[in-house]
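**Student:** Chain residues, written in single-letter form:
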Amino acid sequence: MLSYVIRRVLLMIPTLFFVAFITFVLAHSAPGSPFDKNQNRPLPEATIERLNRLYGIDQPIQNQFVLYLNNLVHLDLGSSLVKDRTVADIIGSEFPVSAQLGLQALFIALAIALPLGIVSALKQNTGIDYASLLFATIGTTIPAFVIAIFAIFLFGVNLRWFPFIGWGNGCGPLPSCDLKRMAMPTVILSLGAMAFLTRITRASMLEAIRQDYVRTARSKGLREQVVIVGHVVKNAMIPVATIIGPATAGLITGSFIIEWMFNVPGLGREFVLSINRRDYPLIMGVYMLYATLIVIANLTVDIVYGWIDPRIKLGR
Amino acid sequence: MATITRPLAGQERAAELNVLVRKQRSLWQDAMYRLVRNKAAMVGLGVIILAGLMAIFAPFIAPYSPTAIPNAANPTINADPFWTGTKYVDPRYLFGTDEIGRDILTRLIYSARVSMIIGFVPVALIFLIGVSVGMVAGYAGGWTDQLLMRITDVVYAFPDLLFLLIIMATLRGTDIGKFGGGLPLMFVGIAIVNWVGMARLLRGQVLSLKEKEFVEAARCVGATPIRILVRHLFPNAIAPAIVAVSFAIPSAMLTEATLSFLGIGVIPPTPTWGVMINDGFVVFSTSPWPVLLPAFCIAIVMLSFTFLGDGLRDALDPRMKI
Amino acid sequence: MPLLEVKDLHTSFFTRDGVVRAVDGVSFELNAGETLGLVGESGCGKSVTALSLMRLIPMPPGKITEGQIVFDGTDVLQMDDDDVRGIRGNNIAMIFQDPMTSLNPVLTISRQISEALELHLKMDRSEARKRTTELLELVGIPSAGKRLDDYPHQFSGGMRQRVMIAMALSCNPKLILADEPTTALDVTIQAQILDLLKNLAREFRTAFILITHDLGVVAGMTQRIHVMYAGRIVEKADTGELFANPKMPYTWGLLRSIPRLDERRKERLVPIEGLPPDLIAPPPGCRFEPRCQYRRDLCREREPELASVPGAKPDHQARCHGTQAGGWLVDLDWRSEIGDVRVLEEIKQEVAAVPAEAARLGAADLTPREGP
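Protein chains in written order, with the numbering used here: chain F, 5 to 320; chain Z, 414 to 735; chain P, 16 to 387.
Just so you know, the hints here were simulated from the structure itself, not pulled from any lab data. Where hints are given, some of them may not hold.
[Claimed, not checked] Ranges between beta-carbon positions, derived for each pair:
id, chain 1, residue 1, chain 2, residue 2, range
1, F, 25, Z, 445, 41 to 49 angstroms
2, F, 183, Z, 651, 46 to 54 angstroms
3, P, 74, Z, 563, 47 to 55 angstroms
[Stated by the list, open to error] Once the Cα atoms are required to be at most 25 angstroms apart in a straight line, the calculated BS3-like pairs of lysine-lysine come out as:
id, chain 1, residue 1, chain 2, residue 2
4, P, 145, P, 161
5, F, 127, P, 145
6, P, 78, P, 22
7, F, 127, F, 238
8, P, 22, P, 328
9, P, 137, F, 238
10, F, 127, Z, 452
[As the list claims (entries may be wrong)] Some residues of chain F that are not near chain Z, with every Cβ distance over 12 angstroms (derived):
id, residue
11, 88
12, 149
13, 183
14, 238
15, 245
16, 254
17, 283
As the structure is a computational prediction, the values presented were derived from the model and not from experiment. All C-beta atoms, glycine included, are put in the ideal place defined by N, C-alpha and C.
Given these sequences and hints, build the entire structure.
**Tutor:** Structural data, given as structure tokens:
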């Protein structure tokens, strides 16, 4: 088990190296980037000096890459070209908002998807099953930003139930104000993952419930609830757990669209803005962070998978 | 069991052959029959055909030019669609105009063109590359297979949208990126991040098929590897690839819409639904229709493809899940 | 009073294609400690009969529509759900066909056996664990104490079936239903498992019903044999009597198709032509008539009763016009006389005319949990 974890952690390194390499190459070929030799955008004197120090722009390209990697290892991501702050500083102050949004969304997605999927499978071909299937189809099909547009139009502009700009942080005397502000971005961000998880949970429950061991459990005289919880759900959760990794990745990429639409002052919004402003150090830094997070999420899920499914032998 | 019900040897052989022959002849017909009976899939197909026709005949249907501003000297800005019944309705522009006075109906129709192109060109690339690489890797095994699996591992490690974002963000300003309104770059980007999934799918299919007796039989009579791949493995491995394609098309369209919405996709003024939403989003709360209408279009097309894809999956292989 | 009395049991499956009468009027009795073999082809209703006894028929689509199952003086079909659960695993236990899929892959062996002990015998965890070790030793699992926390995939097929037997025995049931317990196992393991089952049942004085498609399996195992065909019992006899003096052409067919290693036989194995009938619309007369090479017109017109037959022990019953008093098969030596050759040809042609797939669907799909 431990050797497996260590091996997997070590395997992250080539992946992240590849990610770093791609970002480096892309940033070098981008016009208007600090690495662009025929500068079509004048940079301030101070910035150029700092870049020279940080990336050694006057040096050969392979040296620059080594320097870039060295900086990465030391968590030095450079400075924003637009704001007078380091990328690490920007990440430090804005990532918590994104993390809160993402974790809230993941929590809501799980809290609704798992029970809904289970109930839907247990009541197969009833009204609630059809409703949850419809929800799952719509939620996995229609992209979050389109749903956000409809939601803003309906609940924000027309009904005025929820504000649709900004984020909590004590907008009024009551905490309910913060909650109201967080409601739309959080729920809409969670919808895709929620729908996907509902679908997987339902399918996986239906698969588990017709297995022979369920009949065995019933033949022992166990109560139906014990059969469902102790035997069916326990098996059905294994495929669901493997989906949480991709679902988390979806939440991360979804978050910058949602943050940008709802003006949530998080890293995702910063990322979209930096792309439009061609703030390359910031783009590269945030991209590296997101890629690392996703790799870690996938790794965690794999380890958890080996832990909950006794048939998977880790370490081989 | 077997000794009890088994018919005599010759007869059993005949019965087996009978089943085989029937299956081979009617697999596609059976699938077609099941698909046609699926109402949701048929509605989806109808909408897709409609959108396709709209895309092809856009210049004949659309009342104006998609990029020009009608009556540029005195444009009608932010006209409301006719069904709103406000005083800003202008009968010349049924669906209203956008914030600089372009006709929305025209732009919606022309947007279907980009969506269809984005749906088919990169997916054709994905299909060609993915199927050939996947089948060769699965059949040849060895280092070819190892290499493919390592590449897939890396590409699977981070999500496609994030990767595309960084490609578009960095290369959009270059000559490659500006070429053809940004479309070719997007084709390549979408193909790069998606071909591995297709390759992996085909590899798995071939791996399980190549142990089957009919492949062995073909090898025994001296069929070349190419012939085995093309004549024996390909027709048997293709059904899941078709299902995958039916899901890859809307996913490619959605990628375009998302990138354009974020302002790093198709370069304006070329109309796409994503670009239209991006254009109108700043003034969304006061003038919602220029944003709502393309959003509706995206939602309907996405749903149609999902219904068709689900129908295809059920028709081709009822055992496939999710 | 017998331990188990099944009277006129009817179990049907309500499918889109129609009502499948999987068990259609089955009656039999079983005394305490007695062993019974239930034999027939796949899809003849033997597994459904067993599942009906424990009310484990999946509902929907299945339903027990008629009859009585009197176990220990109480009709199982009249019980409320709690009482039925009190019987399952406690008084009646079941061993299923495929030990590879019948154990829960994510629970340890000890957990799966303890569950019933804690539920029915009110043991606490450590008591149940101790008892589980004893049970595993009893069924011959080496170093049982060390394997308690293993998962099913760490056991071989034969060992898993031993675990299933331990699970069935755990609460000292009065009746064990063994549904094709060795079909999924290697031939060498089959004999071991059958021996184990027989010895343990004797030791525990447990009655058991052994369900199998293979007459060879029940030969040394059970005191009595009931042969089932198309949802009905077609022949009942003591084991010795049935092998020595079978009175139903279907049983003859079954006997002819057993491979015998211990005896040089002149005749080759003779299979029964054709497939079991569609249970949605069974033949109007004798259900075996379409496949019977001794048939006469009478067989198609009227279904024979299950009745005593001349030239046999009084408790030997068969469902055949031909062997009943005055029939044309009473004096027939089934070993030498394999029937009218022209009728055999007819049957072959009829079988060939049925599309193989349709026939297979008709027979196998409708009783999904049956047969290999």
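**Student:** Run every hint past the structure and note whether it holds.
**Tutor:** Structure-based check of each hint:
1. 25(F) - 445(Z): 41 to 49 angstroms: Given range 41 to 49 angstroms: holds, Cβ gap about 47 angstroms.
2. 183(F) - 651(Z): 46 to 54 angstroms: holds (51 angstroms)
3. 74(P) - 563(Z): 47 to 55 angstroms: 51 angstroms Cβ-Cβ, so the 47 to 55 angstroms window holds.
4. 145(P) - 161(P): holds (12 angstroms)
5. 127(F) - 145(P): violated (39 angstroms)
6. 78(P) - 22(P): holds (16 angstroms)
7. 127(F) - 238(F): holds (18 angstroms)
8. 22(P) - 328(P): holds (23 angstroms)
9. 137(P) - 238(F): holds (24 angstroms)
10. 127(F) - 452(Z): Since the Cα atoms of residue 127(F) and residue 452(Z) sit roughly 24 angstroms apart, the hinted pair holds (cutoff 25 angstroms).
11. 88: Per Cβ check, residue 88(F) is outside 12 angstroms of chain Z; nearest 22 angstroms; holds.
12. 149: Residue 149(F) not clear of chain Z: closest Cβ-Cβ about 6 angstroms, inside 12 angstroms.
13. 183: holds (22 angstroms)
14. 238: holds (19 angstroms)
15. 245: Consistent with the label, residue 245(F) stays out of reach of chain Z, its closest Cβ about 15 angstroms off (over 12 angstroms).
16. 254: Its Cβ does come within 12 angstroms of chain Z, the nearest being 7 angstroms, so this is violated.
17. 283: violated (10 angstroms)
Against the hints set out earlier in the document, violations occur for numbers 5, 12, 16 and 17.
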